[in-house]
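A.B. asks: The lines below spell out each chain.
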Amino acid sequence: MTGTTRIKLPEKPAVGEVIEIRALINHVMETGNRKDPEGNVIPRNIIKSLTVTFGSITILKAEFGPGISSNPFVAFHMRVPGPGELVFTWEDDAGQTTVERSPLYVG
Amino acid sequence: MEQKPTLRILSRRNLVVGGTAAAALAALLGTGRRSAWADEAAPAPAPTDPASAAPVAPPSADLVHSAQFEKALKAILKEATPTIGEPLTLELPELAENGNVVPYKIAVESPMIDTDYVRTLHLLSTSNPQALVASFHLIPASGKAAVAGRMRLARTQDVVAIAERNDDVFLIATRKVEVTIGGCGNE
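Residue numbers (this note's numbering), protein chains in the order written: chain A, 36 to 142; chain B, -11 to 175.
Watch out, some of these pointers could steer you wrong.
Said to hold, decoys possible - Ranges of calculated distance between the beta carbons of each label pair, as one might list FRET restraints: (1) A/Glu126 - B/Thr69: 21 to 27 Å; (2) B/Pro99 - A/Val76: 42 to 48 Å; (3) A/Arg79 - B/Arg107: 23 to 29 Å; (4) B/Ala68 - A/Glu52: 40 to 46 Å; (5) B/Arg107 - A/Gly51: 20 to 26 Å.
Derived from the structure by calculation, the hints contain no laboratory data.
Every residue gets a Cβ at the ideal spot worked out from N, C-alpha and C, and that includes glycine.
Just need the whole structure built from these sequences, with the hints factored in.
C.D. replies: Shown next, in the form of structure tokens:
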């Protein structure tokens, strides 16, 4: 259930170009507001944050609440500094961390 | 504990509210449904000068906002008075059949250079069980102050976006979304 990720980057952007990056992770994003058929509250478990780094730079730090849909998806931007690697780190309430690395090639 | 802001009118053109969060709320949501603070401020007459009745995003007069939302708004704005609208835009569908998956897009026209950039974009719901939906922290190297994703809406309500610039200027925008089937689980 948790952990499958999808990253979308443009293929060979130019250095200095502003690109759109899309990142998705499969996650239930359980709000903590729902009850099971017996009336017990289903404990909250959401992706709390997504951090995206490029080398030593943190390009994006996103914090999420339960108001984000399941399988949270984020589109954001970056000015291409050069070739390198983007590292995506998601963290959920259960303490599970998912890390995905995507090489960025430049044209 | 929570301070009730008081409303006082200094001049016809100068509407000052004790709490800036309350001011933003009043401007954004209209005063169709009175919240607690509005009642306290009741003696203040509404400004009649059209110039002081600033043109704001279309108010959804019949909608309520949660105490949660007021708190979250205040936590973000602190003492700041936000500028309404431009250059901040919030895109959402007018009608969402499924409140579990509502696409949103927040964007600010900004050069995104070291001396002039957007630091944070916040997304808030006025009547979900939890008001703060997401916060995105950006840097000049983000290149463009724009994010998109999908949110849950428990019911028909106003959605609010706030942008925080590096010069401590806050921008605020709102959109009303009609929700056919609410998200956020059973209530």
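A.B. asks: Please check whether proline 99 of chain B and valine 76 of chain A have a Cβ separation lying inside 42 to 48 Å.
C.D. replies: For valine 76 of chain A against proline 99 of chain B, whose Cβ atoms are near 47 Å apart, the range 42 to 48 Å holds.
A.B. asks: Kindly confirm whether 40 to 46 Å is satisfied by the beta carbon distance between alanine 68 of chain B and glutamate 52 of chain A.
C.D. replies: violated (34 Å)
A.B. asks: Is it true that glutamate 126 of chain A and threonine 69 of chain B lie within 21 to 27 Å of each other by Cβ?
C.D. replies: violated (34 Å)
A.B. asks: For arginine 107 of chain B and glycine 51 of chain A, compare the CB-CB distance with the range 20 to 26 Å and indicate the outcome.
C.D. replies: Cβ of arginine 107 of chain B to Cβ of glycine 51 of chain A: about 22 Å, so the range 20 to 26 Å holds.
A.B. asks: Holds or violated: 23 to 29 Å for the Cβ distance of arginine 79 of chain A and arginine 107 of chain B?
C.D. replies: holds (28 Å)
When each numbered hint is compared with the structure, violations occur for hints 1, 4.
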